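Participant: Below, each chain spelled out in residue letters.
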Amino acid sequence: MDVRAQVSMVFHLDKCIGCHTCTIACKNIWTDRKGAEYMFWNNVETKPGTGYPTLWEDQEQYRGGWERDSRTGKLRLKLQGKWGTLGNIFYNPYLPRIDDYFEPWTYDYQHLFDTPEGDDQPTARAVSMITGQYMDTIEAGPNWDDDLGGSPVYADNDPNLTGFSEEERRQLREIGRLTFFYLPRICNHCLNPGCVAACPAGAIYKRGEDGIVLISQEKCRAWRMCISGCPYKKVYYNWYTGKSEKCILCYPRLETGQPPACFHSCVGRIRYLGLVLYDADRIVEAASVPDAQLVEAQRSIVLDPFDPVVIRRAKANGISDLMIAYAQRSPVYKFFKLWKIALPLHPEFRTLPMLFYVPPLQPVQATMHNGTYEIIQTGSEGLAPMLSALEQARLPLRYFARLFTAGNVEIVKEVYRKLIAVRIYMRLQKVGDVPEPEVREALRLGNTDPDEAEAIFRLTALPTFDERFVVPPLGREEAMETQFPSLDPVSRNYPTRKGEVGFGFRKEPARRW
Amino acid sequence: MTLDIILFAVFPYVAVVLAVIVGIYRYVVDRFSYSSFSSQFLENRALFFGSGIWHYALLIILLAHIIALLFTDAWAAFIANPTRLYTLEGLGVALGISTVVALAILALRRLLNPRIRTTTTVLDWLLIVTLMTQVSLGVWVALFYRWGSLWYMYTAVPWLVSLATFSPQVSYIASLPWIVKLHMLGGFVLTALFPFTRLVHLIAFPITYLWRPYQVVIWYARRRATS
Ligand code: SF4
Ligand code: SF4
Numbered sequence: 001m002d003v004r005a006q007v008s009m010v011f012h013l014d015k016c017i018g019c020h021t022c023t024i025a026c027k028n029i030w031t032d033r034k035g036a037e038y039m040f041w042n043n044v045e046t047k048p049g050t051g052y053p054t055l056w057e058d059q060e061q062y063r064g065g066w067e068r069d070s071r072t073g074k075l076r077l078k079l080q081g082k083w084g085t086l087g088n089i090f091y092n093p094y095l096p097r098i099d100d101y102f103e104p105w106t107y108d109y110q111h112l113f114d115t116p117e118g119d120d121q122p123t124a125r126a127v128s129m130i131t132g133q134y135m136d137t138i139e140a141g142p143n144w145d146d147d148l149g150g151s152p153v154y155a156d157n158d159p160n161l162t163g164f165s166e167e168e169r170r171q172l173r174e175i176g177r178l179t180f181f182y183l184p185r186i187c188n189h190c191l192n193p194g195c196v197a198a199c200p201a202g203a204i205y206k207r208g209e210d211g212i213v214l215i216s217q218e219k220c221r222a223w224r225m226c227i228s229g230c231p232y233k234k235v236y237y238n239w240y241t242g243k244s245e246k247c248i249l250c251y252p253r254l255e256t257g258q259p260p261a262c263f264h265s266c267v268g269r270i271r272y273l274g275l276v277l278y279d280a281d282r283i284v285e286a287a288s289v290p291d292a293q294l295v296e297a298q299r300s301i302v303l304d305p306f307d308p309v310v311i312r313r314a315k316a317n318g319i320s321d322l323m324i325a326y327a328q329r330s331p332v333y334k335f336f337k338l339w340k341i342a343l344p345l346h347p348e349f350r351t352l353p354m355l356f357y358v359p360p361l362q363p364v365q366a367t368m369h370n371g372t373y374e375i376i377q378t379g380s381e382g383l384a385p386m387l388s389a390l391e392q393a394r395l396p397l398r399y400f401a402r403l404f405t406a407g408n409v410e411i412v413k414e415v416y417r418k419l420i421a422v423r424i425y426m427r428l429q430k431v432g433d434v435p436e437p438e439v440r441e442a443l444r445l446g447n448t449d450p451d452e453a454e455a456i457f458r459l460t461a462l463p464t465f466d467e468r469f470v471v472p473p474l475g476r477e478e479a480m481e482t483q484f485p486s487l488d489p490v491s492r493n494y495p496t497r498k499g500e501v502g503f504g505f506r507k508e509p510a511r512r513w
Numbered sequence: 514m515t516l517d518i519i520l521f522a523v524f525p526y527v528a529v530v531l532a533v534i535v536g537i538y539r540y541v542v543d544r545f546s547y548s549s550f551s552s553q554f555l556e557n558r559a560l561f562f563g564s565g566i567w568h569y570a571l572l573i574i575l576l577a578h579i580i581a582l583l584f585t586d587a588w589a590a591f592i593a594n595p596t597r598l599y600t601l602e603g604l605g606v607a608l609g610i611s612t613v614v615a616l617a618i619l620a621l622r623r624l625l626n627p628r629i630r631t632t633t634t635v636l637d638w639l640l641i642v643t644l645m646t647q648v649s650l651g652v653w654v655a656l657f658y659r660w661g662s663l664w665y666m667y668t669a670v671p672w673l674v675s676l677a678t679f680s681p682q683v684s685y686i687a688s689l690p691w692i693v694k695l696h697m698l699g700g701f702v703l704t705a706l707f708p709f710t711r712l713v714h715l716i717a718f719p720i721t722y723l724w725r726p727y728q729v730v731i732w733y734a735r736r737r738a739t740s
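Order-wise, the sequence lines are chains A and B. When you line the first sequence up against our numbering, it's residues 1 to 513, in that order. When you line the second sequence up against our numbering, it's residues 514 to 740, in that order.
In short, the hints are calculated from the structure, not lab data. Given the structure is predicted, the values throughout are model-derived calculations rather than measurements. Beta carbons are placed, not taken as given, at the ideal position from N, Cα and C, and that holds for glycine. Mixed in with the good hints, there may be bad ones.
[To be verified] Stretch-level coverage of chain A by chain B, calculated; a stretch enters the list once three of its residues show a Cβ under 8 Å from a Cβ in chain B:
1. 79-91
2. 229-240
3. 434-447
4. 456-464
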């Protein structure tokens with residue numbers, strides 16, 4: 001057992017209002033630079049939909065993540081082998097182009113001031129931020145398909161809907177095609193990252209102490225395999241500096257005790273951050289099981305931070321008592337491992353993503369009858385269909401299974417039964433109009449009990465800032481000092497130059513040669 | 514004669530010294546700038562036709578030059594057979610023409626595609642022009658001064674060896690036609706340009722990927738502690 005610590009995350013999708021505050025917070029801090037205009041390290045997409053970059057989930061096109069050899073059960077990069085990488089280094093056949101995201105533009109506002117008086121209103125034409133030329137048509141932009149839940153162009157082309165029956169698609173279109181939810185995405189800081197494995201230069205690395213995945217800007221040589229290797233398309237190519245960039249989980253903020261900017265600013269308070277301990281010896285094993293077992297396998301390598309054996313091994317690996325104490329308070333551990341209501345996004349990509357989602361409840365409580373929208377039942381009876389009609393949920397369960405469990409519908413059902421049980425139980429507490437037997441039945445079906453339901457409710461609905469973000473004391477400086485007591489900040493006798501181990505530039509990131 | 518000495522006995526040393534010193538200086542002081550500056554993300558259709566052919570054809574030709582230089586005897590034995598000589602020369606010309614065509618595609622792409630044009634620097638243009646001159650000269654020499662694989666061994670090779678042994682002898686190449694000499698000079702001009710341009714990606718070729726484990730984990734403190 002090789003115990004390591006990982007800063008990991010939970011997004012509670014029922015609470016996301018799709019406001020994009022997170023995106024803007026990130027954009028303003030990290031990517032409002034030349035060459036990075038099109039990048040959204042944090043983006044929020046409408047699901048069902050085609051996402052950003054367009055159809056990123058279609059790995060036949062982009063070839064991200066890992067593939068399991070069905071005969072040997074071994075993993076290989078879906079992109080290509082190592083020789084293939086070197087052979088394709090002059091031209092990567094699977095690289096997305098900027099048009100798969102969008103061409104960034106601004107407007108020629110000055111024209112509004114400079115035009116001489118005339119009969120027509122002057123217009124501010126769009127100007128490409130790459131070429132500086134006018135753009136006659138803007139074909140795509142950030143969140144081009146925002147809120148287009150029922151759109152035949154976007155929603156119907158969601159890769160997760162391939163193979164769906166007419167009946168399932170009809171469910172989706174019920175109620176005036178308005179069914180959709182938001183999926184905020186950042187880098188998952190995976191345990192078995194495809195980006196790291198695909199980088200021939202070895203420029204991408206996982207930090208041992210906290211699991212944050214970073215790209216060394218000084219080692220990146222623009223071989224651009226990482227962009228393909230990441231199945232979530234969370235590595236971006238800076239077309240101006242010739243370097244790849246990605247979410248850094250705001251590590252400068254984390255190291256000063258603050259949550260990442262997108263977490264901090266989240267209006268819906270959907271985001272949770274905390275430490276989990278996991279067994280690094282079993283990463284490959286957990287990533288190599290058949291599709292249907294992936295979620296359980298990933299859960300099994302996350303360790304119980306209260307288990308004395310785990311604690312002993314963690315300490316032996318240099319994880320401090322304080323870090324262990326933070327892992328014990330981690331909301332992520334509770335959502336993912338203890339309560340089992342948070343799920344990884346697309347586990348079938350086999351990178352073991354460490355960002356987990358509580359899937360949104362989208363129950364059908366009303367249907368269209370003769371052109372009118374009718375609520376099925378009201379009052380206490382109205383809650384019963386929530387339980388029994390799980391299969392009729394507005395978005396087919398199979399859709400969520402495609403997203404979160406590699407097709408395992410049973411796991412999705414278990415999650416929903418528990419979430420519904422929490423609602424019914426809390427309804428009893430707060431309103432009291434549900435008959436006791438019904439509540440007991442709900443708790444039984446949800447495989448939960450009043451205490452757990454109460455705890456889930458609290459952490460879902462009423463968490464404080466400090467309960468949502470249990471930012472561990474990363475203490476890299478401290479770790480350095482204990483390791484190298486003679487470090488002198490004045491003479492700077494550091495064992496490594498900072499630039500080798502981080503994102504920060506000591507020079508302007510621009511072409512000089 | 515003095516010009517010959519300057520160009521073929523002095524300049525090669527200047528070029529190599531520049532390449533090494535500036536190359537190291539740039540690596541130490543501005544490692545961030547060591548990049549191939551790929552532009553595939555902005556345009557990939559013309560690149561598909563240009564880049565692959567350019568790189569592979571050029572690598573093979575370069576390899577032939579180096580092999581003939583390093584293993585002169587084996588090379589001589591190999592091309593003693595006329596069939597082999599003609600095949601080799603034919604192949605060389607075909608590859609050479611491919612590099613010219615591929616580089617033309619790449620240059621036109623830089624010129625005509627507005628996205629690529631904005632990401633092209635003056636040094637990029639200088640490099641493209643130099644490379645174009647060099648590969649065109651190479652094809653010209655191969656076509657009209659036959660057979661290069663033969664006389665190369667008795668002119669350029671001893672001259673290069675004399676340079677490497679610090680006893681430069683321009684007499685080996687002094688009487689060659691000027692167009693051939695230009696091609697030889699071109700090689701050292703490119704060497705001199707190497708540290709200043711994106712050519713540095715040549716020595717960044719990530720061969721170590723083949724034996725590196727897939728996952729890279731870096732410990733801030735632990736790494737140094739164990740070493
Ligand atoms: S999600 Fe992040 S860590 Fe995982 S493969 Fe993509 S870039 Fe790498
Ligand atoms: S800020 Fe929070 S609620 Fe708003 S879109 Fe982002 S994740 Fe959703």
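Participant: Taking the hints in turn, state whether each one holds.
Facilitator: Here is how each hint holds up against the structure:
1. Counting residues of the region 79-91 of chain A whose C-beta lies closer than 8 Å to any C-beta of chain B gives 7; at least three are required, and the coverage claim holds.
2. Counting residues of the region 229-240 of chain A whose CB lies closer than 8 Å to any CB of chain B gives 3, so the stated coverage by that chain holds, three being the minimum.
3. Residues of the region 434-447 of chain A lying with their CB closer than 8 Å to a CB of chain B number 0, which falls below the three-residue condition for coverage.
4. Proximity of the region 456-464 of chain A to chain B, defined as three or more residues with a beta carbon under 8 Å from a beta carbon of that chain, is not established by the 0 residues found.
Comparing the model with each earlier hint shows violations of hints 3, 4; every other hint is respected.
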